[in-house]
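Spelled out from the first residue to the last, the chains are:
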Amino acid sequence: GAGVSQSPRYKVAKRGQDVALRCDPISGHVSLFWYQQALGQGPEFLTYFQNEAQLDKSGLPSDRFFAERPEGSVSTLKIQRTQQEDSAVYLCASSFPGLAGVFTRETQYFGPGTRLLVL
Amino acid sequence: KNEVEQSPQNLTAQEGEFITINCSYSVGISALHWLQQHPGGGIVSLFMLSSGKKKHGRLIATINIQEKHSSLHITASHPRDSAVYICAGGLGGAQKLVFGQGTRLTINP
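So the protein lines, in turn, are chains A and B.
Be aware that the first sequence starts at 1, since it is given in the working numbering, and climbs by one per residue.
Be aware that the second sequence starts at 1, since it is given in the working numbering, and climbs by one per residue.
The reader is advised that the hints may include incorrect statements.
If you want a taste of the chain B side facing chain A, the calculated C-beta under 7 Å gives, among others [unchecked claim]:
1) Asn22
2) Gly42
3) Ile43
4) Met48
5) Gly52
6) Phe99
7) Gln101
Straight-line alpha carbon distances no greater than 20 Å define the calculated EDC-like cross-link-like pairs of lysine to aspartate or glutamate that follow [as the list claims (entries may be wrong)]:
8) Lys14(A) with Asp24(A)
9) Lys53(B) with Asp18(A)
10) Lys14(A) with Glu52(A)
11) Lys55(B) with Glu106(A)
12) Lys54(B) with Glu71(A)
13) Lys78(A) with Glu52(A)
14) Lys54(B) with Asp81(B)
15) Lys57(A) with Asp81(B)
16) Lys78(A) with Asp18(A)
17) Lys57(A) with Glu71(A)
18) Lys78(A) with Asp56(A)
Just so you know, the hints here were simulated from the structure itself, not pulled from any lab data.
Quantities reported herein were computed from a predicted structural model and do not represent experimental measurements.
Just so it is clear, CB atoms sit at the ideal spot from N, CA and C, and this is done for glycine as well.
Could you build all of it, start to finish, from the sequences and the hints given here?
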């Protein structure tokens, strides 16, 4: 595709409900990042994938958050038993390192985000 | 712990003015990103810098590695430049981003 896409764009969940947020990165992009942006705040890192490998999940706020990228392209961020403090915009970004497996400094391309509201 | 500090938090100016937004960052950050976010909109990458200076249209970004400081300049500002500008540092080998607080820029006609 032309850019990073995310779905759904908006999600309203009742407290305790499980949700799944999808990210389609730019085709061929090896690196994929998830960020969380609370209202009025800057984004914060959640987790990072290189291809299908989740290399960093240090930003996931609790064990209710789980992310996967089984085939190295589409990624899903799952939040179990949602709480009101999970309400935020969830941003996905992808980038293309110069050589697969070699870390390089690359521009990250952001999706439009999924706005999650937990009632 | 804030590894990226940005200032000012809010900036209001008249159309045509020269705009400067500043960013300081900590050790460990090897690349500096400037991003733009419109209200209700997604984030657009403007620049990624690891040294020197970059220019795109009316936007200029500079970085001083020794002082760990970067600036974003907008020349001949226009109301359509109104947005939140975010400085973010690339951290570690994977270059996960650490974001500043953002600068809300308003350009009045």
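Next on the checklist: Are any of the numbered hints broken by this structure? If so, which, sorted upward?
Outcome noted: 1, 5, 8, 9, 10, 12 and 15
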